[in-house]
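Chemist: Read top to bottom, the protein sequences are chains A and B.
Under our numbering, think of the first position of the first sequence as 1, with each following residue one higher.
Under our numbering, think of the first position of the second sequence as 325, with each following residue one higher.
Just so you know, these hints were derived from the structure itself, not from any lab.
These numbers come from a predicted model, not from an experiment.
Yeah, the Cβ is synthetic: ideal placement off N, Cα and C, and Gly gets one too.
Hints are supplied without guarantee of correctness; some may be wrong.
[Claimed, not checked] Covered stretches of chain B, as calculated for chain A (at least 3 residues, CB under 8 Å):
| no. | segment |
| --- | --- |
| 1 | 404-417 |
| 2 | 462-468 |
| 3 | 483-496 |
| 4 | 609-619 |
[Stated by the list, open to error] With the Cβ distance kept under 8 Å, some of the chain A side facing chain B (calculated, not the full set):
| no. | residue |
| --- | --- |
| 5 | A137 |
| 6 | Q142 |
| 7 | S144 |
| 8 | L145 |
| 9 | A152 |
There are 2 protein chains.
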Amino acid sequence: MKRAFVTGGAGFIGSSLVDRLLADGCAVVAWDNFSTGQERFLEAAQTHPAFTLVRGDNLDAPALTRAMAGCDIVFHFAANADVRFGLAHPERDLQQNTIATFNVLEAMRANGIRRIAFSSTGSVYGEAKVIPTPESAPFPVQTSLYGASKLAGEGMISAYCEGFGCEAYIFRFVSILGARYTHGHIFDFYKQLREHPGYLAVLGDGMQRKSYLHISDCLDAVLRVVCTSPAAKTPPRVQIYNLGTAEYCQVRDSIAWICGRLGLKPELRFGGGQRGWVGDNPFIFLDTAKIRATGWQPKLSIQQGVVRTVEWLMENQWVLDARA
Amino acid sequence: MKRAFVTGGAGFIGSSLVDRLLADGCAVVAWDNFSTGQERFLEAAQTHPAFTLVRGDNLDAPALTRAMAGCDIVFHFAANADVRFGLAHPERDLQQNTIATFNVLEAMRANGIRRIAFSSTGSVYGEAKVIPTPESAPFPVQTSLYGASKLAGEGMISAYCEGFGCEAYIFRFVSILGARYTHGHIFDFYKQLREHPGYLAVLGDGMQRKSYLHISDCLDAVLRVVCTSPAAKTPPRVQIYNLGTAEYCQVRDSIAWICGRLGLKPELRFGGGQRGWVGDNPFIFLDTAKIRATGWQPKLSIQQGVVRTVEWLMENQWVLDARA
């Protein structure tokens, strides 16, 4: 890995990866359309001589192909990650996730790049019947357009590996927390409490059980898989790993941690129902035995991740307005 | 079901379905871009007063939406079904299957149509580890762009059902045989033997184990599921059924049946290797307990299906030239 191409390189996870790769001595081309990415996330990277930023959209296939020239691995981390509002604009997941992934694969093929790491999601398991959910869980029924589009991406990537001899590392993430976090329940709650510290509107009944992972632990896992040669002489072309902690929390737990850190005791106003929105999964908990077998383990608990995210938001309130 | 919309209505399976629906008293709008569909398959339907043919492509979303007006169910049977040549034009499965399915779903939403039957494929199981493969098999790695695109279609359909309250019947077909058969190994072998009866070139080693189902049995199963209310009071929004016989055959068996019917003893020239092509699955055999539990069972064996298909090709040699 000498020169990495990072789609979504100005986003939460992408820009954090950019910094890690540069620190590890890898040249990096970050590619982003800045629909949700932030220039400020790349301020440190911009001072590094081995860093290149290219503005562009994954739907502009010729520009994507040109930008990728000379790279030897692609971290395809760009996505419409807005699970909750998928139904409001169904074409977005198709375009920004499914078609975008196809364009990335074709640009790799045009450039002779054979390695891809892909940020998939635990949402591909739909409402799993096996919990904690292993990578080999029964064939799921999709419940969100986001999950369906990531599943479509996984499928195309796998078929390209089989057909064109590429190698893929597919990571099914739980929700990721930490510095540069720009959407999700902590973001929403923090923003609400800044506006009205006396109450907090909560989707669903607050009993939803969710899993989270801190960005530093997430990137440790990704880079361990991508940089370490597997023990097998002929590793499978497609390596799939769940990424998460070995625990989950309830939305109510997270609220208590957030409010505790902020020193607030807001009235909680629950929307009701088991689900936060149509297609919301009331219980996400992934079996992470496979990634743990590589020697990786998370350093931070969910509670620590939540508190650190709150602290980062407190120090970076500009992001609340930038993502308004 | 009063007025059905059939995408791919001039194709092998679609046109056969059109005839069945008309015979059952249902009005039918057939939609086809005639990329592989045949006018001659609709000759009988064209004489029926309840039949309408609309020429159009699934990528033309406005025309698709207009054509669907007034229908109460969609049989989405149009597809690029060319598994073998997916790698030669990777964009075709994305466009004709994935994006096309999205357009069908959006056209349904615009028209307030809430029921969809979808022709998926046993290829979504990739190289299954559980054989015979049940609907709930472990989460597979995709090996073909065709399978990946059908999986993408299933995912979107399921997410639409969850998000917009639709009802879907997803059928994972093995290869279908019978009258109007226009591609596949019998087509290829028959065409070869017409040109050179003395030898037959066979992809792979001929040991590939495959499953087939006759079109009449296939449509019996589809219509049984779609027309029969399930026993459950609140049937699942997404009903998934494998469709196949409870047997499989080897390519060598099929060759013997074909040659036996034709009275030929050609020299067999095997290409070699376990797979017929990159991404070919050397063993496809689906567990069909779920569809059998509805009371359906196939009337024809694989051997009968193969022989009938040969006989139809003998009587309809025009199709060999039409699909040249």
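Chemist: Minimum Cβ distance from A:A137 to chain B below 8 Å?
Modeler: Holds, about 5 Å.
Chemist: Holds or violated: the hint that A:S144 contacts chain B, with Cβ atoms closer than 8 Å.
Modeler: holds (6 Å)
Chemist: Does the segment 483-496 of chain B contain three or more residues whose Cβ lies closer than 8 Å to a Cβ of chain A?
Modeler: Since three or more residues must qualify, the claim that chain A covers the segment 483-496 of chain B holds, with 5 doing so at under 8 Å.
Chemist: Taking the least C-beta to C-beta distance, is A:Q142 closer than 8 Å to chain B?
Modeler: holds (4 Å)
Chemist: For the hint on A:L145, just tell me whether its beta-carbon gets within less than 8 Å of chain B.
Modeler: holds (5 Å)
Chemist: Cut-off 8 Å, C-beta pairs, minimum 3 residues; does the coverage of the segment 609-619 of chain B by chain A stand?
Modeler: It is violated: at least three residues are needed, and the segment 609-619 of chain B offers just 0 whose Cβ sits closer than 8 Å to chain A.
Chemist: At a Cβ distance under 8 Å, does chain A reach at least three residues of the segment 462-468 of chain B?
Modeler: Coverage by chain A holds for the segment 462-468 of chain B (7 residues, Cβ < 8 Å).
Chemist: With a cut-off of 8 Å between beta carbons, are at least three residues of the segment 404-417 of chain B near chain A?
Modeler: Result for this restraint: holds, n = 4.
Chemist: Would the hint on A:A152 be counted as holding, given a Cβ-Cβ threshold of 8 Å to chain B?
Modeler: Where the cut-off is 8 Å and the nearest Cβ of chain B is about 3 Å from A:A152, the hint holds.
Going through the hint list in order, the structure does not satisfy hint 4, though it satisfies all others.
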